[in-house]
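*Asks:* As they're listed, the protein sequences go chains A and B.
The letter at position 55 of the first sequence is residue 55 when you use the numbering used here, and the numbering goes up by one with no holes.
The letter at position 119 of the second sequence is residue 119 when you use the numbering used here, and the numbering goes up by one with no holes.
It should be emphasised that the hints constitute simulated quantities derived from the structure, not laboratory data.
Hints are supplied without guarantee of correctness; some may be wrong.
Pairs of lysine to aspartate or glutamate residues, derived as DMTMM-like cross-links and limited to a Cα-Cα distance of at most 20 Å, are as follows [stated by the list, open to error]:
| hint | chain 1 | residue 1 | chain 2 | residue 2 |
| --- | --- | --- | --- | --- |
| 1 | B | LYS280 | A | ASP97 |
| 2 | B | LYS96 | B | GLU261 |
| 3 | B | LYS96 | A | GLU285 |
| 4 | A | LYS3 | A | GLU310 |
| 5 | A | LYS33 | A | GLU4 |
| 6 | A | LYS96 | B | GLU285 |
| 7 | A | LYS280 | B | ASP97 |
| 8 | B | LYS33 | B | GLU261 |
Over 10 Å on every C-beta distance to chain A, these chain B residues come out as not near it, computed from the model [said to hold, decoys possible]:
| hint | residue |
| --- | --- |
| 9 | THR5 |
| 10 | ILE28 |
| 11 | SER55 |
| 12 | LEU65 |
| 13 | GLU81 |
| 14 | PRO111 |
A quick note: this is a predicted structure, and the numbers were derived from the prediction, not measured.
Yeah, the Cβ is synthetic: ideal placement off N, Cα and C, and Gly gets one too.
Protein chains: 2
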Amino acid sequence: MDKETFAVGVDLGGTAIKYGICSSSGIIVEEFKRPTRADQPVEAILDDIAEAISSAIKAAQGEQLTVRAVGMGTPGAVNVETGQLMGNTPNFKHWKDVYIKRSLEARVNLPVWADNDANMMAYGELKYGAGKGAANVVCVTLGTGIGGGIIVDHRLFRGSRYAGSEIGHMSIDYNGRQCRCGGIGCWEIYGSASAMIEHYRRLKPESFIASTIDIFNAYDRKEAAAVAVVEEEIRICAVGVANLINIFNPEKVIIGGGVSEAGDWFVARIEAAAINLAMKAATREVTVMRARLGNKAGLLGAAAFALDQEGHA
Amino acid sequence: MDKETFAVGVDLGGTAIKYGICSSSGIIVEEFKRPTRADQPVEAILDDIAEAISSAIKAAQGEQLTVRAVGMGTPGAVNVETGQLMGNTPNFKHWKDVYIKRSLEARVNLPVWADNDANMMAYGELKYGAGKGAANVVCVTLGTGIGGGIIVDHRLFRGSRYAGSEIGHMSIDYNGRQCRCGGIGCWEIYGSASAMIEHYRRLKPESFIASTIDIFNAYDRKEAAAVAVVEEEIRICAVGVANLINIFNPEKVIIGGGVSEAGDWFVARIEAAAINLAMKAATREVTVMRARLGNKAGLLGAAAFALDQEGHA
Chain A
1 MDKETFAVGV
11 DLGGTAIKYG
21 ICSSSGIIVE
31 EFKRPTRADQ
41 PVEAILDDIA
51 EAISSAIKAA
61 QGEQLTVRAV
71 GMGTPGAVNV
81 ETGQLMGNTP
91 NFKHWKDVYI
101 KRSLEARVNL
111 PVWADNDANM
121 MAYGELKYGA
131 GKGAANVVCV
141 TLGTGIGGGI
151 IVDHRLFRGS
161 RYAGSEIGHM
171 SIDYNGRQCR
181 CGGIGCWEIY
191 GSASAMIEHY
201 RRLKPESFIA
211 STIDIFNAYD
221 RKEAAAVAVV
231 EEEIRICAVG
241 VANLINIFNP
251 EKVIIGGGVS
261 EAGDWFVARI
271 EAAAINLAMK
281 AATREVTVMR
291 ARLGNKAGLL
301 GAAAFALDQE
311 GHA
Chain B
1 MDKETFAVGV
11 DLGGTAIKYG
21 ICSSSGIIVE
31 EFKRPTRADQ
41 PVEAILDDIA
51 EAISSAIKAA
61 QGEQLTVRAV
71 GMGTPGAVNV
81 ETGQLMGNTP
91 NFKHWKDVYI
101 KRSLEARVNL
111 PVWADNDANM
121 MAYGELKYGA
131 GKGAANVVCV
141 TLGTGIGGGI
151 IVDHRLFRGS
161 RYAGSEIGHM
171 SIDYNGRQCR
181 CGGIGCWEIY
191 GSASAMIEHY
201 RRLKPESFIA
211 STIDIFNAYD
221 RKEAAAVAVV
231 EEEIRICAVG
241 VANLINIFNP
251 EKVIIGGGVS
261 EAGDWFVARI
271 EAAAINLAMK
281 AATREVTVMR
291 ARLGNKAGLL
301 GAAAFALDQE
311 GHA
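Full structure from sequences and hints, please.
*Replies:* This is the structure:
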């Protein structure tokens, strides 16, 4: 067995920066979280991330562990070679064309690797989780937005210019609402955590609900508005997942991100509805399952990717 | 240069069986067409196809050419190894689980290779046409139905069980109409040739229009119903193509099938609208173009695939 090595994994989300010290065998030694200031200028966000990484490195040193590299997942398309964000990221105000790799390397003095957050999640699930051993896998992250990571023939598929896998911006309503991405009727508009919260607030304007966890708790109490929101979420995600099954005929569809923390029953409901919608030939051997690494897949995938890139795997 | 070899290519469509004698360098020596009896039992359709192949072989013999193999594209998922159709084919009544390879080989006494029709089209465009040299390509066939052929990293992507690439059964309306495939709001319902004809008949119930060619001719005369139908077709196909751009970030999207015979202007209109809808990062280097082999791509691809499989390429 190879000697264990360590990296800091960072998962930049629309609401939180999750980060942790991860081992090459897929263990999170210690993990942390701080709010994302998504409306702040790029430099402020980079400073926040660098501060987070530095505190994790210090924590690792306290446990006699040497951090070899940093891996980070971010919303948006990333040129993996240069570590530059490419184009727009609808859930951030200024986070655009950022030289993530270079800017963070200057701040933390370690090799940094960046990729799209859903790709990092897929990498984590492929390496340590639900995707282990599968050839064709589609990962869906149901979070503030909806992202995707696609594995074709055991490898991460990124498209010609690192900009593929934007499954959350697949239109499921060609007469639908305008999306911040420039498209119309994107799955993300109807199926993201933000969409669920908005939908709930439309039904109960007086409520102070702040997260999908609150909605799922209310669902457990059979509260009418929460039931309506969750049932609609299942219906919408089933359409998105059925589309992915028809397009990719994957062995596995893995659902992660904050919304998936509702539990296995939620993913099983999406699976049943999606299999009902998808073409029979494509559903014969597909399994829709919850990300095995939960919402840690992005973190672990980012760390694993950085270690792999640096030859420390 | 290798010695030229010959195969019969067959393209089984919902309305016509197109077939021809094709050379390994991508030339159609002679081509033929007969109506598809899509509502007939499997054996009758197989007999029709075998009769078509035999007449093409005879025609080839008349020109001193030896046919080495037969390649056929069919709607539906096909297990390429066994040549069996897998599962349902909405536009045919009984065409289901057919042992295409085995049944035709017994009838025509030549090696037969079968694959999904849109895969064959993609193979043709990849080998001889618009896809030559490109690594990531999505082919769309706008015909009686809507099919897809996807090339990832220079190779045909078929999914885990040969059932991928069913892009026509990507829902673009999650509240939409029931599709014969079991899904809801499939692109095919709104964007196929059949959909255009239905739409036209709804607008002009007294008309005797029989094909999209008639609609495009009326469009050229600025006839109001035809303009409405064609503009709607462009709007719908732009949503479908934008989805594919966001998911695959391809270098090329190639549009073939009967509807694409409207001309380059039609595909250019879809391109402009799709690029407007798709995410900026994914559109930087994409070209949406008409299949260079026109509606011959399926035929040529099927023949080329059979020759390649038999080592006669």
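*Asks:* All hints, please: hold or fail.
*Replies:* Outcome of the hint check:
1. LYS280/B / ASP97/A: holds, 12 Å
2. LYS96/B / GLU261/B: It is violated: about 29 Å lies between the C-alpha atoms, which goes past 20 Å.
3. LYS96/B / GLU285/A: holds, 19 Å
4. LYS3/A / GLU310/A: Holds, at about 15 Å.
5. LYS33/A / GLU4/A: violated, 24 Å
6. LYS96/A / GLU285/B: Since the Cα atoms of LYS96/A and GLU285/B sit roughly 19 Å apart, the hinted pair holds (cutoff 20 Å).
7. LYS280/A / ASP97/B: OK: LYS280/A and ASP97/B at ~12 Å, within 20 Å.
8. LYS33/B / GLU261/B: holds, 17 Å
9. THR5: holds, 30 Å
10. ILE28: Holds, since 30 Å exceeds 10 Å.
11. SER55: holds, 31 Å
12. LEU65: holds, 36 Å
13. GLU81: Holds, because the least Cβ-Cβ distance between GLU81/B and chain A comes to about 15 Å, which exceeds 10 Å.
14. PRO111: holds, 24 Å
The structure is inconsistent with the numbered hints 2, 5, although it conforms to all the rest.
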